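Peer 1: Sequence:
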Amino acid sequence: MGRKFFVGGNWKCNGTTEEVKKIVTMLNEAEVPSEDVVEVVVSPPYVFLPTVKSILRPDFHVAAQNCWVKKGGAFTGEVSAEMLVNLGIPWVILGHSERRALLNESNEFVGDKVAYALSQGIKVIACVGETLEQREAGSTVTVVAEQTKAIAEKVSDWTNIVLAYEPVWAIGTGKVASPAQAQEVHFELRKWLKENVSAEVAASTRIIYGGCLICYLFQHPPFILSAY
1 MGRKFFVGGN WKCNGTTEEV KKIVTMLNEA EVPSEDVVEV VVSPPYVFLP
51 TVKSILRPDF HVAAQNCWVK KGGAFTGEVS AEMLVNLGIP WVILGHSERR
101 ALLNESNEFV GDKVAYALSQ GIKVIACVGE TLEQREAGST VTVVAEQTKA
151 IAEKVSDWTN IVLAYEPVWA IGTGKVASPA QAQEVHFELR KWLKENVSAE
201 VAASTRIIYG GCLICYLFQH PPFILSAY
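Using the working numbering, you'd call the opening residue of the sequence shown number 1 and step up by one each time.
Just so you know, these hints were derived from the structure itself, not from any lab. No experiment lies behind these values; they were computed from the predicted model shown. Please note: incorrect hints may appear among the correct ones.
[Stated by the list, open to error] Using C-beta positions, here's what the derived DEER-type ranges look like:
#1 G121 x G2: 21 to 29 Å
#2 E18 x V141: 29 to 37 Å
#3 T25 x V141: 36 to 44 Å
#4 S119 x K149: 35 to 43 Å
#5 A74 x D157: 37 to 45 Å
#6 N160 x G73: 21 to 29 Å
#7 M26 x L87: 18 to 26 Å
#8 L132 x K71: 32 to 40 Å
#9 L132 x N14: 30 to 38 Å
#10 G73 x K12: 32 to 40 Å
#11 V47 x K194: 24 to 32 Å
[Claimed, not checked] Simulated pairs of lysine to any residue, SDA-like, Cα-Cα distance not exceeding 25 Å:
#12 K12 x P45
#13 K123 x W192
#14 K191 x Q120
#15 K123 x E18
#16 K149 x L87
#17 K22 x S54
#18 K4 x T159
#19 K12 x H61
#20 K123 x K175
#21 K53 x L102
#22 K194 x T25
#23 K70 x K22
#24 K175 x A152
#25 K4 x G73
#26 K70 x I55
#27 K71 x D59
#28 K154 x L103
#29 K154 x C212
#30 K154 x G73
#31 K12 x G2
#32 K71 x T25
#33 K154 x E108
#34 K123 x N86
#35 K12 x S156
#36 K53 x E108
#37 K70 x L56
#38 K194 x S204
#39 K4 x N14
All C-beta atoms, glycine included, are put in the ideal place defined by N, C-alpha and C.
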């Protein structure tokens with residue numbers, strides 16, 4: 001059985017209540033293939049999670065943009081996986097490059113977060129990717145392999161993980177990785193999973209392209225073909 005298509009949208013730190021409702025209205029009216037064919041996930045800021053979940057069509061799902069590495073407690077400003085479960089949020093994005101860079105989240109820390117979220121029954125969009133400097137230095141494969149390794153060392157079941165390759169230089173810049181660039185890294189990631197985890201995990205894990213999302217790209221099929 002082939003891998004189900006996956007489409008996710010990260011809204012980052014944007015929006016007001018009214019803007020969010022308008023976006024959800026557009027999503028609710030969109031014509032998309034059935035849930036058997038494609039899985040659609042949207043990720044609004046924390047404060048809008050309950051609102052979006054309550055009005056979003058049932059065949060689309062909601063993701064948090066982050067969660068804490070362990071059970072909640074005296075961790076001001078953080079949101080625990082248990083809280084997300086309580087809200088009925090099925091997905092979370094972890095390891096996003098902005099958090100790695102701005103908040104110094106290490107590969108090991110991200111691996112721990114992925115493992116804990118999974119242990120609480122939350123599905124994970126795990127992000128990996130290289131900076132422009134790392135790409136120009138020829139270190140892309142090494143960087144994403146190390147990021148993936150940190151997850152693999154903490155996780156035994158990959159069923160509920162989507163691996164998102166997000167080249168840092170293509171996030172929020174208007175630039176995109178070419179189909180060839182994205183597919184090259186996807187190939188290397190799948191190869192790494194086969195050699196270091198298992199052939200089954202390599203074959204079944206969905207690897208997606210994460211980067212700038214603009215209407216222009218959806219008018220050019222090669223970019224769509226690179227995003228699964």
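Peer 1: Does each hint hold? Answer for all of them.
Peer 2: Now the hints, each set against the structure:
1. G121 x G2: 21 to 29 Å: 25 Å, holds
2. E18 x V141: 29 to 37 Å: 44 Å, violated
3. T25 x V141: 36 to 44 Å: 42 Å, holds
4. S119 x K149: 35 to 43 Å: 19 Å, violated
5. A74 x D157: 37 to 45 Å: 30 Å, violated
6. N160 x G73: 21 to 29 Å: 25 Å, holds
7. M26 x L87: 18 to 26 Å: 23 Å, holds
8. L132 x K71: 32 to 40 Å: 37 Å, holds
9. L132 x N14: 30 to 38 Å: At 24 Å between Cβs, range violated.
10. G73 x K12: 32 to 40 Å: The hinted range 32 to 40 Å is violated for G73 and K12, with Cβ atoms some 27 Å apart.
11. V47 x K194: 24 to 32 Å: 41 Å, violated
12. K12 x P45: Roughly 6 Å between the alpha carbons, so the hint for K12 and P45 holds.
13. K123 x W192: Judged against 25 Å, a Cα distance of about 21 Å means the pair holds.
14. K191 x Q120: 29 Å, violated
15. K123 x E18: 28 Å, violated
16. K149 x L87: 31 Å, violated
17. K22 x S54: At roughly 14 Å apart (the allowed maximum being 25 Å), S54 and K22 satisfy the hint.
18. K4 x T159: 12 Å, holds
19. K12 x H61: The hint holds at about 16 Å.
20. K123 x K175: 28 Å, violated
21. K53 x L102: Violated, because 28 Å separates the two Cα atoms, which is more than 25 Å.
22. K194 x T25: 41 Å, violated
23. K70 x K22: 34 Å, violated
24. K175 x A152: 30 Å, violated
25. K4 x G73: 37 Å, violated
26. K70 x I55: Between K70 and I55 the Cα gap is close to 30 Å, so the pair fails against 25 Å, i.e. violated.
27. K71 x D59: Not satisfied, since the Cα-Cα distance of roughly 29 Å exceeds 25 Å.
28. K154 x L103: 21 Å, holds
29. K154 x C212: 30 Å, violated
30. K154 x G73: 22 Å, holds
31. K12 x G2: Violated - the C-alpha atoms of G2 and K12 are around 30 Å apart, more than 25 Å.
32. K71 x T25: Given that 25 Å is the threshold and the Cα spacing comes to 34 Å, the pair is violated.
33. K154 x E108: 9 Å, holds
34. K123 x N86: 14 Å, holds
35. K12 x S156: 29 Å, violated
36. K53 x E108: 31 Å, violated
37. K70 x L56: 29 Å, violated
38. K194 x S204: Distance ~10 Å between K194 and S204 Cα, so the pair holds.
39. K4 x N14: 29 Å, violated
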